[in-house]
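These two chains come separately, so use the hints to put the complex back together.
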Amino acid sequence: MTEAVTSIDFTRHAFASETGVVTIFLMTITHEGLDQPIMVSTDPTQRLEETSSDVIYGTVSRGNQFIYLPVVLELPSDTEEGPKIMRITIDNVSQQIGSTVRQMVGPFRMSCEFVLSDDTDTVMATWPDYVLTNVRTNEMTVSAEVVVDMMFSEPFPAGTFNPAEFPGLF
Amino acid sequence: MDAGPAKVRRKTTSAPRPVMGQVLLTGTQLETFKLFHRDSLLDGALRFSWLDPENDDPVEMRILGASWTASDGNLYALSLELEILP
Numbered sequence: 001m002t003e004a005v006t007s008i009d010f011t012r013h014a015f016a017s018e019t020g021v022v023t024i025f026l027m028t029i030t031h032e033g034l035d036q037p038i039m040v041s042t043d044p045t046q047r048l049e050e051t052s053s054d055v056i057y058g059t060v061s062r063g064n065q066f067i068y069l070p071v072v073l074e075l076p077s078d079t080e081e082g083p084k085i086m087r088i089t090i091d092n093v094s095q096q097i098g099s100t101v102r103q104m105v106g107p108f109r110m111s112c113e114f115v116l117s118d119d120t121d122t123v124m125a126t127w128p129d130y131v132l133t134n135v136r137t138n139e140m141t142v143s144a145e146v147v148v149d150m151m152f153s154e155p156f157p158a159g160t161f162n163p164a165e166f167p168g169l170f
Numbered sequence: 001m002d003a004g005p006a007k008v009r010r011k012t013t014s015a016p017r018p019v020m021g022q023v024l025l026t027g028t029q030l031e032t033f034k035l036f037h038r039d040s041l042l043d044g045a046l047r048f049s050w051l052d053p054e055n056d057d058p059v060e061m062r063i064l065g066a067s068w069t070a071s072d073g074n075l076y077a078l079s080l081e082l083e084i085l086p
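Residue numbers (this note's numbering), protein chains in the order written: chain E, 1 to 170; chain Y, 1 to 86.
With the rest of the complex left out, here is chain Y (with noise of 0.2 Å):
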């Protein structure tokens, strides 16, 4: 019924957590990004380690999606979609 107030339960007990994030590279910093993602992590299919931007716990994290352009001088803002895995 589309009627009062909605009928709410978790559907699994854990799920990953969604992050968003920039950062500014060099024109080389972005090449070794960019041979990372394809070659270490198969175009994002694997997990890799990090730290929690919240807290900096160590975490591990799927890029969902990256996307870079062209900022001042010879920077690139790369923004990345990420996952922290439970």
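One chain only, chain E, in its complex shape (with noise of 0.2 Å):
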């Protein structure tokens, strides 16, 4: 997990008293199971697609096509037992993202990152690495626990001399 280093550029729209420039969150969730990754942006910046009976709103980047859907970011609060987790729920409408996730096993992860409406090939600030987990799906939106991947919260040492997986031993 990178820190967030912000530009010039984003702290003065960020501070104006008034200002058109809007900040978009860019999304990248990637599976192993997926041929291609889900983009999601959070802004219909420009028409990506039309066809006859819908048309698909979203944001180009760095000549990626990043989907817009409603995005509903839970951002942890400050507690004294600490953090409490981030939820990400993100509009299912038409359900392909619900059926798609339902396919899969093994954890998804994505990436976020914003940029500004004036300039969106600029990423002012990047998290690269979340794992989303507890993944729930309803007719209108798709859930998830948007956790770090904590390398210190894995089991160590991996393997155990322990009755259930050596029972030679014992």
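Read the hints as simulated data drawn from the structure, not as lab findings. Note that beta-carbon positions come from the ideal geometry of N, C-alpha and C, so glycine has one too. One should not assume that every hint holds.
Claimed, not checked - Pair by pair, the computed Cβ-Cβ distance ranges are:
1) E:SER94 <-> Y:PRO16: 47 to 57 Å
2) Y:PRO16 <-> E:SER111: 28 to 38 Å
3) E:VAL55 <-> Y:ARG38: 18 to 28 Å
4) Y:ARG10 <-> E:PRO37: 21 to 31 Å
Now the structure itself:
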């Protein structure tokens, strides 16, 4: 996980009293079972695709198309017990993400970055390595807990001589 | 803080533009509109093509609400609440 380093441009727009520049979050969700990542934008910057029945809005950044979907991000609260988990909820009206998620086994990984609407090719900050756990889907939304894959929370040593794994010893 | 001028910024770079309108229709035209709204637009869920009332440019709109009242003679005043999609 890298530090969030913000630019002077972002700071200027963030502190401005009035600004037309929008902060856009771009999320890339990957899984070893997916041929290509699910790329989601929080802004309908432009039309990406028009079909006979629908128009797909999204953001183009560095040549990649991020599809616009309404997203709710619950940031972790700062409590005495330590930070609570972060939760992301993505709109699932078309059911495509929900059905894809249900077919997959194993963890999804998500990287998050944000850009400004006046220059979508320049990334202001990146959070590259989250793991999505406890993924739940219903007819309207897909939600998941967003956690950092902590190496220090892994069991160590990986194997132990116990009756279950080495019954011959006991 | 509820003091001083508000700090204002856009939420998104594009948003639907609201439009209100009213047209006079005959009874037959009103029935045609109701069928169009219910069957073709699935009660307003789908978009449709029309002309921008400001400049006659072709745009895509969605019907948010429609109501009608009897007007003079055999005419009906159809009030439309629309949004022009980005």
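Status of each hint after checking the structure:
1. E:SER94 <-> Y:PRO16: 47 to 57 Å: With Cβ atoms ~19 Å apart, the hint is violated.
2. Y:PRO16 <-> E:SER111: 28 to 38 Å: Given range 28 to 38 Å: holds, Cβ gap about 31 Å.
3. E:VAL55 <-> Y:ARG38: 18 to 28 Å: 22 Å, holds
4. Y:ARG10 <-> E:PRO37: 21 to 31 Å: The hinted range 21 to 31 Å holds for Y:ARG10 and E:PRO37, with Cβ atoms some 28 Å apart.
Violated hint for the displayed structure: number 1, the only one.
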